[in-house]
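Protein chains in written order, with the numbering used here: chain Y, 191 to 427; chain P, 154 to 462.
There may be inaccurate statements among the hints.
[As the list claims (entries may be wrong)] Here are some, though not all, of the chain P residues that point toward chain Y, as calculated from beta-carbon distances under 7 Å:
#, residue
1, G215
2, L217
3, V236
4, G319
5, T322
6, T369
7, V372
8, A375
9, L379
Honestly, the hints are just simulated from the structure, not real lab data. Source: prediction; values computed, not measured. We put the beta carbon where it would ideally sit given N, CA and C, even for glycine.
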Amino acid sequence: MPALPILVHLSSSLAGRTMLGRTEPGRAPGRSAPGRGRRRRGFRPALLAALAAPSIAAAAPASAQSARYEIDPEHLSIGFMAEHLGYAKVLGLFRTAKGGFEFDEKTATLGNVRIEIETASVFTNHRKRDDHLKGPDFLNSGEYPKMTFTAASARRSGERDFVVDGRLELLGKTAPVQLQARWNKSAEYAFGTFRKPYVIGISARGSFKRSAFGMNYGLEWVGDDVDLIVEFEAQRR
Amino acid sequence: MNPHHPAVESVVLPLALALLVTGLARRSFGPWRGGLAAALGVGTALVAATFWMVGAPQTPAGTLSKLPYVYVAAAIAGVVVGVVVGARSGAAATPAARPAVVAWLCGALVSVLALGWLGGIRGAVHGAIGAMLLAALLRAPAGRADAAAALVIAALGLAAATLAAGSLTLFQHALLIAAAAGGAALWLWPRARLAFGPAAVVTATIAWLATAQAATRLVGLAEPVLALLAAALLAPLVTARRGSGGVRDGPRDDAGGDRRDRTTLTAPLLSAAIALVFVAAAVGWQISGPGGASGNDDGSATSDDAYLD
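Chain P with its partners taken away, still in its complex shape (with noise of 0.2 Å):
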C-alpha cells in the first residue's frame, strides 16, 4: 500500500489514529476523564496525518502552509481545554455550565485568532461567527456522537464542496477532519464508551473553521455554500433535547437505561441526517452555482483566449 496515497493520507490514517489514540487514552485516562480522550484521539490524527500529507512548511506564509499550523492550535486548544474542563467538572458526562463557559472562551478565542492569521480582519469575523457553531455544539450531549455525527458530515460536505471548487488538496484536508472526528466517534456509536465532549468539539471545530475559511479564501466558495454548510453544525441542537445520552457506569437494570442506548444509537442517526439536508443543499449549490464547478462544461475550450477576440 502507498503511504502517500491521498485514501491513505486523509481517510485511513487519521481514522486509525483517532480510534487508536483515542482508545488509549480512555484506557489510561478512564472514560469521562473531562473528554480528553476524544480530544487527544481527534487532535494527534489530525495533526499527524496532516503534517504526514504537506510536510511542515518551515515559512508558513500562505494559507495551506498556515492550515498545518492552526490545526495545532485547534488541538492544543482542545488538550487545554479537557483538562480545565475535566478539572472542574469532575467525572460528570455532561458538561456543567461554567465548564462549558470555559471551553467556549478558550475555543472562540483560538477560532478568531486562528482564521484572522488565515483571512485577515475577513477570517477573525468568520471566527466569530465560528464561535457562535461552536456554542451551539457544546450544547449537545457529551456522552453522545450527535456533535461528531454533524461534524463528519458537515466535514464531508466541505471536502465534497471543495472538490467541485477545484481543490484536491483542500479537500484532502476537508477528508481528514471527517475522518479525525470518526475515528474518535466511534468510540460513542453505537454504543457510549465515553464522552466527545467540549474539548474535542473545540479542537474538530476550530479545524472545520480554519479548513472552510481556507477554501473562501483559495478556490472562493462562495458565501451562501458556506453559510449552509455551517448550518448542518447546528443539527446537534435540534437532537439535543432527545434525552441526555451517555454511558452508563452502572449495569442496564431499568428501563430509562434503554432509552438511553437507544436515544446514543439513534440521536446521532439523526444529527448526520439534518446536517446532511444543508450539506446536499450546500454542495449543489456549489456545483450548479455561478462560480460552481470550476473550468467550462466540456472543460476543453479556452474561450478566454485572447487570441479568438
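Excised from the complex, chain Y in its bound form (with noise of 0.2 Å):
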C-alpha cells in the first residue's frame, strides 16, 4: 500500500532524471532536446531564433504537466510478512486497493499520492486466520475499513531506486513509513487494440512497527515488524 505512492514517486524522479520512456540515461527528457536549442540559436540569426521558438514552446507543455497515474488493479499486489512465534514468517496480501499520483517526468517531482486499501481484503490461504486479522486483534475492519498510504517526497538513492518518506494511517493512527521503490520500467504498453496506455512499473519494499498504530495484540508471538512487498503497474490518465 504505502509502496504505491513511493513507487510511484521514484517512477516520476527516475523518468524526470534518467531513462523514462524514451528519454536517454541520464538526462531528463523534457530539458535535453530545448537545451541543445538554446545553445544552437546563440549561433544563428536572431530570425531563424525567433522561428524556432513557437515550435519549442509547443513542445515544452507536453513534458512540463504532471500527468496522473492510476494504480492498475489487474497488476497490483500489495504483500505483507510477519513472523509467528519465531518460526517461519506467515505471507498475506491485500487484495483490494486503489490509488494514483501525479508525476512529472520533467521535474521528477511526484505529488497527491494517495493509495487506499480495503483492511477487510487480507488474506493469508487461511480463512479463521484472515477472520481473526480483519477483527479487532488487528486490523479492526469493522470500525477502520481503510488504511491510507500518502507521500509527498522522496529522494533517489541509486540509479533506478528511491526511499520515499511517507505516512500510513492505520486504525485511526498516522505513522511514518519509509519505502524503498525500485523503478523497473516506464514506456507504452506493448499490447492493445485501440489504445496502449503509458505504463510505470514499481517494486517497492519497506517496513514497519505495528505497535506503532496501536496494534499491539499478541506482541509476543506474532511479530511486531511487519515487512511489506509492493509491486504495481500504473498507467498514464
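Need the complex rebuilt from these two chains, each delivered in its own frame; the hints are there to steer you.
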C-alpha cells in the first residue's frame, strides 16, 4: 500500500532524471532538446531563433505538466510478512486497493499520492486467520475499513532506486513509513488494440512496527515488525 | 515470568491487585465503610491491569481504545457511589433503600453515557437496558458474594463468547473483569469480611456492560447471546431471599449466626450455578449459531475466493 505512492514517486524522479520512457539515461526528457536548441540558436541569426521559438514552446508544455497515474488493479500486489512465534513468517496479501498520483517526468516531482487499501481484503490462505486479522485484535476492519498511505516526497538513492518517505494511516493513527522503491520500467504498453497506455512499473519494499499504530495484540508471538512487499503497474491518464 | 503474558495481564495481575487493594482499603476504612474497599479493589485492578495490557491510547477514537477510559469512568463512579452511599448508610451492611437508589441513578447515568460513547444511539439503548440489570444486582445482599459470583460467571461467559467470536483482545478484557471482581469477592467468600456493596457492583457492572457492547460492535456478538449472558447477571435475584447474609460484628453465639454463615457460603455458589446455566446456553449459541465461531470448519479453505467463482 504505502509502496504504491513511493513507487510512483520513484518513477517520477527516475523519469525526470534518467530514462523514463524514451528518455536517454542521465538526461531529463524535457530538458535535453530545448537545451541544445538554445545553444545552437546562439550561433544563428535572430530571425531563425524567432522562427524556432514557437516549436519549442509548443513542445515544452507536454513534458512539463504533471501526469496523472492510476494504479492498475489487475497488476497490483500488496503483500506483507509477519513473524509467527519465531518459527517462520506468514505471508499475506491485501487483495483490494486503489490509488494514484501525479508525476512530472520533466522535473521528477511527485504529488498527490494517495493509496487506499481495504483492510477487509486481507488474505493469508487461511480463513480463520483472515477472520482474526480482520477483527479487533489486528486490523479492526469493521471500524477501520481502510488504511491509507500518502507521500509527498522521495529522494533518489541510486540510478533506479528511491527512498520514499510517506505516512501510513492505520487504525485511526498516522505514522511515518519509509519505502525503498525501484523503478523497473516506464513505457507505452506492449498490448492493446485501440489504446496502448503509458505504464510505469514499480517494486517497493519497506517495513513498519504495528505497535506504532496501537496494534499491540500478541506482540510476544506475532511479530511487531511487518515487512511490506509491493509490486504494481500504474497507467498514465 | 513474562509480565505481558495474557494470563498475567488478564488473570494474575487483576486478581492480585483486587485482593491486595481491597484488603488494604478494608484495613484502612473498616469492613463496611460504604463498600468502598471492594469498589477500590475492583476499580484499581480493572484500570491498572487494562492500561498495563493495552497501554494508554492517546486518541481514543475506536471502541477498543475507548474501553480503558470507560473502565476509568466505571471506577470513578464506583468510588463516588461508595463515598455517597457510605456517608448515608453509615455502617449498615445492607444499604438502605435511598442510598441504593442514589447508587442506581449514578450507575445508570454512567452506563448510558459510557455505552453511548462506545456505540452511539444503540449503545445508549444498551446502557439503559444495562441499568435495569444494575438495579437487579443492587438488590443482592451486600454482605454476600452473590452479585460478585454472578458477575464473575457472566464475565467468564463473555470471555468464552468473544473467544468463540474471534477476538482474543476482548476475551482478555472480559477475563480481566472476572479476575478483578473475583479478587475482591474472595474477601466475602467463604466467609464475609467486608461488603461487596453498591459501589463495587456499579464498577464491575459498567465494565461488563461496556465490554459486552464492544463485543457486539466489533465481533458481532449475537443479540440472543448477549441476552443470555445478561440474564446470568439476574441470578442474585433468586438467591436474594435466602437470608441477608453479611459479616457479624459480634461473636458467633447463636443459631442465627450459623445459618447466616451457611448462607454466606452457599448462596454465592447457588448464584454462580444459576448464572452458569445461562452462560452455558450463551456460549453454546455462540459456537453453534449462524454467526458463531469464526471461520470455516477446517479453517483452511477460502470458499469466498473470487477466483473460484
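> Does P/T369 pass the interface check with chain Y, least Cβ-Cβ distance below 7 Å?
Replying inline: violated, 11 Å
>> Less than 7 Å between beta-carbons is the criterion; does P/V372 satisfy it with respect to chain Y?
In response: This interface hint holds because 6 Å falls under the 7 Å limit.
>> Hint validation: P/T322 versus chain Y, beta carbon distance must be below 7 Å. Holds or violated?
In response: Holds - the Cβ of P/T322 comes within 7 Å of chain Y, reaching about 5 Å at its closest.
>> Quick check on the hint: P/V236 CB to chain Y CB, less than 7 Å?
In response: Interface hint status for P/V236: violated (34 Å vs cutoff 7 Å).
>> Under 7 Å is the threshold here; is the Cβ of P/G319 close enough to any Cβ of chain Y for the hint to stand?
In response: Nearest chain Y Cβ about 5 Å off; hint holds.
> When the nearest CB of chain Y is found for P/L379, is that gap smaller than 7 Å?
Replying inline: violated, 16 Å
>> Less than 7 Å between beta-carbons is the criterion; does P/G215 satisfy it with respect to chain Y?
In response: holds, 5 Å
> Against chain Y, is P/L217 within 7 Å by beta-carbon distance?
Replying inline: Interface hint status for P/L217: holds (5 Å vs cutoff 7 Å).
>> Let's test the interface hint: is any C-beta of chain Y closer than 7 Å to that of P/A375?
In response: Status violated, d = 15 Å.
Hint check: violations occur at hints 3, 6, 8 and 9; the rest are consistent with the structure.
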